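Chemist: Chain by chain, the residues:
4 protein chains.
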Amino acid sequence: VNPPTATYAPALERDVQSELDARGVGIDRVGVRGLRYPIAVACRDESPQTVASTWELTVSLPASQRGTHMSRFVEALDEWAPKPLDSATLLSLLSELRDRLDGREAHASVSFTMFLERPAPVSGMTSKLGLECRLVAQRDDEAGAATLGVRVPVTSLCPCSKEISDYGAHSQRGYVTIEARAEPSARLCFEDLVDVAEASGSAPIYPLLKRVDERYVTMQAYDTPAFVEDVVRTASLALMDDRRVAAFVVEAENEESIHDHAAVATVRWERGV
Amino acid sequence: VNPPTATYAPALERDVQSELDARGVGIDRVGVRGLRYPIAVACRDESPQTVASTWELTVSLPASQRGTHMSRFVEALDEWAPKPLDSATLLSLLSELRDRLDGREAHASVSFTMFLERPAPVSGMTSKLGLECRLVAQRDDEAGAATLGVRVPVTSLCPCSKEISDYGAHSQRGYVTIEARAEPSARLCFEDLVDVAEASGSAPIYPLLKRVDERYVTMQAYDTPAFVEDVVRTASLALMDDRRVAAFVVEAENEESIHDHAAVATVRWERGV
Amino acid sequence: VNPPTATYAPALERDVQSELDARGVGIDRVGVRGLRYPIAVACRDESPQTVASTWELTVSLPASQRGTHMSRFVEALDEWAPKPLDSATLLSLLSELRDRLDGREAHASVSFTMFLERPAPVSGMTSKLGLECRLVAQRDDEAGAATLGVRVPVTSLCPCSKEISDYGAHSQRGYVTIEARAEPSARLCFEDLVDVAEASGSAPIYPLLKRVDERYVTMQAYDTPAFVEDVVRTASLALMDDRRVAAFVVEAENEESIHDHAAVATVRWERGV
Amino acid sequence: VNPPTATYAPALERDVQSELDARGVGIDRVGVRGLRYPIAVACRDESPQTVASTWELTVSLPASQRGTHMSRFVEALDEWAPKPLDSATLLSLLSELRDRLDGREAHASVSFTMFLERPAPVSGMTSKLGLECRLVAQRDDEAGAATLGVRVPVTSLCPCSKEISDYGAHSQRGYVTIEARAEPSARLCFEDLVDVAEASGSAPIYPLLKRVDERYVTMQAYDTPAFVEDVVRTASLALMDDRRVAAFVVEAENEESIHDHAAVATVRWERGV
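Protein sequence lines correspond, in order, to chains A, B, C and D. Each residue of the first sequence is one higher than the one before, counting from 232 in the numbering used here. Each residue of the second sequence is one higher than the one before, counting from 232 in the numbering used here. Each residue of the third sequence is one higher than the one before, counting from 232 in the numbering used here. Each residue of the fourth sequence is one higher than the one before, counting from 232 in the numbering used here.
The set of hints was computed from the structure by calculation and includes no laboratory data. Don't take each hint at face value.
Which copy is meant is left open, so a pair is good if it fits within one copy or across any two.
Result set (SDA-like, lysine to any residue): computed pairs, CA atoms no more than 25 Å apart in a straight line [unchecked claim]: (1) Lys441 / Ala477; (2) Lys359 / Pro279; (3) Lys441 / Leu251; (4) Lys441 / Pro456; (5) Lys359 / Ala283; (6) Lys314 / Gly355; (7) Lys359 / Arg329; (8) Lys359 / Glu306; (9) Lys314 / Pro350; (10) Lys441 / Gly265; (11) Lys314 / Met356; (12) Lys359 / Ser342; (13) Lys314 / Ser326; (14) Lys441 / Asp309; (15) Lys314 / Val443.
Remember, it's a predicted structure, so these values are computed and weren't measured experimentally.
Turn these sequences into a full structure, and let the hints steer you where they fit.
Modeler: As structure tokens, this is what we get:
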């Protein structure tokens with residue numbers, strides 16, 4: 232790789248992004264996507280975890296302005312990255328983005344894997360389970376709101392298969408996805424949603440199971456058959472009961488072991504609606 | 232693989248899905264996802280294309296019913312697969328699903344790759360470009376609506392890089408995604424949206440370019456620099472001008488050649504709103 | 232999109248690819264990857280299927296030559312695409328690529344989804360299952376060889392879980408991948424490998440199963456427990472018994488329902504070695 | 232989720248995995264794949280980084296034994312996870328796996344994203360770039376060997392496009408992948424390979440570039456055009472010159488901005504061969 236042959240000189244070139252745009256089309260969201268950054272994430276019971284996160288950061292752009300300044304998203308993220316991420320810090324980052332970029336609205340979506348310790352149910356041997364988490368937020372002149380999301384693997388066992396067969400019942404890995412918005416003053420953690428999801432399947436999932444544990448989860452799943460419909464209803468009732476939760480979407484997806492496609496179910500809910 | 236040891240006999244087991252559910256939670260969507268099926272797709276100017284499609288098919292489920300009948304989605308799809316797919320046939324499939332499954336609402340999303348012939352701009356040599364297409368529809372007691380989507384690769388060249396540099400300008404592959412809903416009586420084809428998308432970047436993309444063609448598209452891109460903001464505005468104006476279009480979302484995503492992340496912009500629009 | 236401002240004129244520019252290269256480093260493979268093209272695939276019992284395929288096409292490049300001519304790969308593929316693809320046509324395409332590009336060796340890898348009809352085991356109701364297929368070939372001055380590959384979903388049920396539990400046994404979706412090279416004069420089809428793979432799990436997988444069928448496959452899987460080790464051994468023995476098969480690699484991957492990771496096993500074998 | 236109705240009692244069930252297998256088929260590799268775990272990674276100049284890693288861990292299994300013990304892979308990984316990962320610790324983990332599982336051979340492949348600080352070339356403003364890294368190792372009775380791999384994004388600018396056009400030249404994001412085995416006593420770091428890869432394209436890539444930096448990299452790329460063939464040759468010469476390197480595979484993949492497919496080139500090399 233060669234350095235440029237031309238010496239850089241602070242030329243008088245136009246700042247193209249700052250030009251006026253005459254086409255009259257406002258832009259809902261403009262920014263960066265797929266930007267990976269190391270951050271710290273606030274946890275419920277432990278000190279913050281360092282994670283590799285993937286970001287989408289955007290602002291709205293008025294019809295009159297040609298372009299946004301893409302580098303400012305990265306600058307802002309680099310400055311905020313050391314602060315442990317939660318809804319409050321993300322909304323503060325969005326406030327700053329609105330200022331730096333003169334956008335009326337700012338949006339963020341950040342995804343990462345959080346690891347939680349999982350003691351096996353009988354042997355008690357521990358291992359760490361990686362869980363997909365997501366924090367989404369938006370802010371305009373008046374208000375801001377954040378949504379926490381988790382995607383949690385569970386075992387699911389088919390109630391129909393159990394009922395119609397003389398023995399056995401097909402089971403499979405399923406994923407329970409919960410996206411929840413907290414009430415304004417409430418503090419909700421990713422781990423709270425993980426707890427709800429894990430309790431909604433036929434059995435939780437563990438990276439490490441010894442033979443005594445495998446016996447336990449096999450029989451637990453057979454004793455707790457659940458359709459995707461059952462999974463989302465169980466999770467919904469738990470979330471409705473939690474007064475910190477203002478709204479949620481819960482989805483169950485079973486990677487059916489008797490098919491090469493998935494079964495899915497979704498419930499959307501908002502408190503007081 | 233052994234046959235089951237127990238001879239099948241039509242046992243008097245319960246139909247678990249048809250049971251009543253007392254938990255009082257209605258389900259917005261339940262069904263199948265990731266189901267792959269060979270179908271025929273209606274084209275603008277040519278006879279239908281055979282494509283490998285991937286489906287999500289769901290219905291709503293009342294609070295009182297425990298489960299839907301998953302196999303009926305596949306049965307319905309197998310019956311409808313031979314009919315060339317367009318908005319009208321997809322809405323008819325949804326009507327039938329509502330009947331078969333007693334759901335108030337039915338939804339479908341189907342994705343596939345359509346191949347279109349692309350003559351190179353100077354040599355005229357032809358090759359086929361694969362384009363991601365998607366058809367999404369929903370229907371309830373009163374109405375149904377379908378949305379066509381395409382994801383189209385384009386070349387984009389950065390106006391800022393061109394302006395501030397003594398020579399050269401970075402370019403990259405970008406993707407223009409358009410999701411559009413047609414006015415009730417209008418006929419809109421995937422190819423119509425592809426045309427809009429390809430005309431919105433710095434240059435179209437072709438699988439086969441000879442040297443004379445590569446010269447052409449290199450200079451065409453340099454002469455037509457476009458930010459993601461420019462791309463979505465150009466596409467938006469073309470779609471607003473097309474009286475067949477009732478609403479759209481257009482997104483541009485540039486796989487920046489000077490970064491390892493993307494630049495994105497989105498415009499949402501509805502006629503008369 | 233504007234046309235270039237400069238009129239194209241056949242300039243006397245250098246053909247950069249054809250230049251000599253003084254660095255003394257020969258290149259093993261150079262070409263195109265991720266090129267999607269519609270092709271026809273030869274089947275065992277039926278007329279050819281039209282599929283959307285994804286290609287990697289490369290040649291070797293001598294140390295003395297700076298670059299290959301990328302457009303010729305696409306030209307060659309466009310010409311060969313109408314011929315039904317099998318090992319023989321792919322090797323002929325490679326012969327032509329060697330000629331067009333003066334490469335000593337040429338390689339190809341092409342992947343696609345083939346759909347096979349699957350009657351349910353009791354009801355006999357039919358549906359189509361999409362199967363990932365791959366054809367890989369290489370040719371040099373002296374010889375050529377092709378390898379057929381399939382990735383087939385199966386149900387797998389854990390023998391250990393069945394043995395240690397009073398009732399039930401965890402099952403999951405697994406994938407059996409077979410890559411096989413045929414003896415020089417033998418004709419081997421993708422469907423032959425699919426048959427071997429489907430017979431190696433605890434039960435085959437079907438897109439459409441009615442209640443009588445679900446009972447059947449549930450009990451069949453419980454009666455045929457199989458570790459990934461059992462799956463690859465069963466498949467290996469069937470492939471060794473088939474005198475058309477000269478060499479193979481078989482892999483089983485189970486998407487464990489009690490874990491969020493997979494269990495895998497692999498056997499490599501060559502006749503007479 | 233209910234607990235199992237049967238109280239667990241240490242039943243006298245068979246240990247199915249330890250059974251003899253009469254089929255006479257030895258298994259090359261059996262174990263776990265896609266297991267995610269938080270680990271620390273040894274760095275060249277800094278203290279270890281905490282990363283989310285994804286593992287494949289396998290052993291060979293003799294023809295006479297029915298199955299391996301899957302839980303022992305996870306147990307071993309959980310114990311080794313706190314030690315900073317490098318070639319030596321990975322080979323020690325494999326030695327232990329051979330002992331625990333009575334396998335003649337043991338293999339490991341671990342992938343993760345490492346973040347490196349990248350000061351912009353003119354402004355000097357820093358940001359962090361995520362780089363895909365991989366460590367692969369195997370060990371049998373006699374010896375062990377490890378391979379380090381990195382996948383590094385670069386800007387590439389097409390020499391042909393530059394030559395044949397009156398102005399401009401298409402550029403795109405490319406990825407340089409290097410897998411290298413060190414000489415027995417040499418210490419090679421991921422960052423060493425990243426340095427080679429970044430110096431082989433038309434310009435390095437940075438998450439954060441201000442306008443002065445964008446001008447610099449635009450002109451640097453135009454002044455340093457490189458085909459995929461050039462990229463792999465430049466990287467190969469640098470690796471051959473490094474006496475610590477015993478063998479390597481280097482691959483360049485350009486996400487062509489004028490096509491929807493990639494250009495690729497590969498060189499394989501072993502010292503003294």
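Chemist: If the cutoff is 25 Å on CA atoms, where do Lys314 and Met356 land: within, between, both or neither? Let me know, please.
Modeler: between (33 Å within a copy, 19 Å between copies)
Chemist: Please work out whether the CA atoms of Lys314 and Gly355 approach to 25 Å or closer within one copy, between two copies, in both situations, or in neither?
Modeler: Intra 34 Å, inter 23 Å, cutoff 25 Å: inter-copy only.
Chemist: Quick one: Lys441 to Asp309, C-alpha cut-off 25 Å, is that within a copy, between copies, both, or neither?
Modeler: between (43 Å within a copy, 14 Å between copies)
Chemist: At most 25 Å between alpha carbons: which applies to Lys359 and Ser342, within, between, both or neither?
Modeler: Answer is both; intra-copy 19 Å and inter-copy 17 Å each pass.
Chemist: Go through the copies and call it for Lys441 and Pro456: within, between, both or neither, with a Cα cutoff of 25 Å.
Modeler: Classified as both; 23 Å inside a copy, 19 Å across copies.
Chemist: At 25 Å max between alpha carbons, let me know whether Lys441 reaches Leu251 within a copy, between copies, both or neither.
Modeler: For Lys441 and Leu251, the Cα distance is within 25 Å only across copies (21 Å; inside one copy 66 Å).
Chemist: Please sort Lys359 with Ala283 into within, between, both or neither, judging by C-alpha distance up to 25 Å.
Modeler: both (16 Å within a copy, 11 Å between copies)
Chemist: Which holds for Lys359 with Pro279 at a C-alpha limit of 25 Å: within a copy, between copies, both or neither?
Modeler: both (16 Å within a copy, 20 Å between copies)
Chemist: I want to check one pair: Lys359 and Arg329. Are their C-alpha atoms no more than 25 Å apart within a copy, between two copies, both, or neither?
Modeler: So Lys359 and Arg329 pass the 25 Å test across copies only (23 Å; inside, 38 Å).
Chemist: Measure nothing new, just compare the shortest in-copy and cross-copy C-alpha distances for Lys314 and Val443 to 25 Å and report within, between, both or neither.
Modeler: neither (42 Å within a copy, 29 Å between copies)
Chemist: From the Cα coordinates, with 25 Å as the cut-off, is the pair Lys441 and Gly265 best called within, between, both, or neither?
Modeler: between (39 Å within a copy, 19 Å between copies)
Chemist: Could you figure out if Lys359 and Glu306 sit no more than 25 Å apart (CA to CA) within one copy, between two copies, both or neither?
Modeler: between (33 Å within a copy, 11 Å between copies)
Of the numbered hints listed earlier, those contradicted by the structure are 1, 15.
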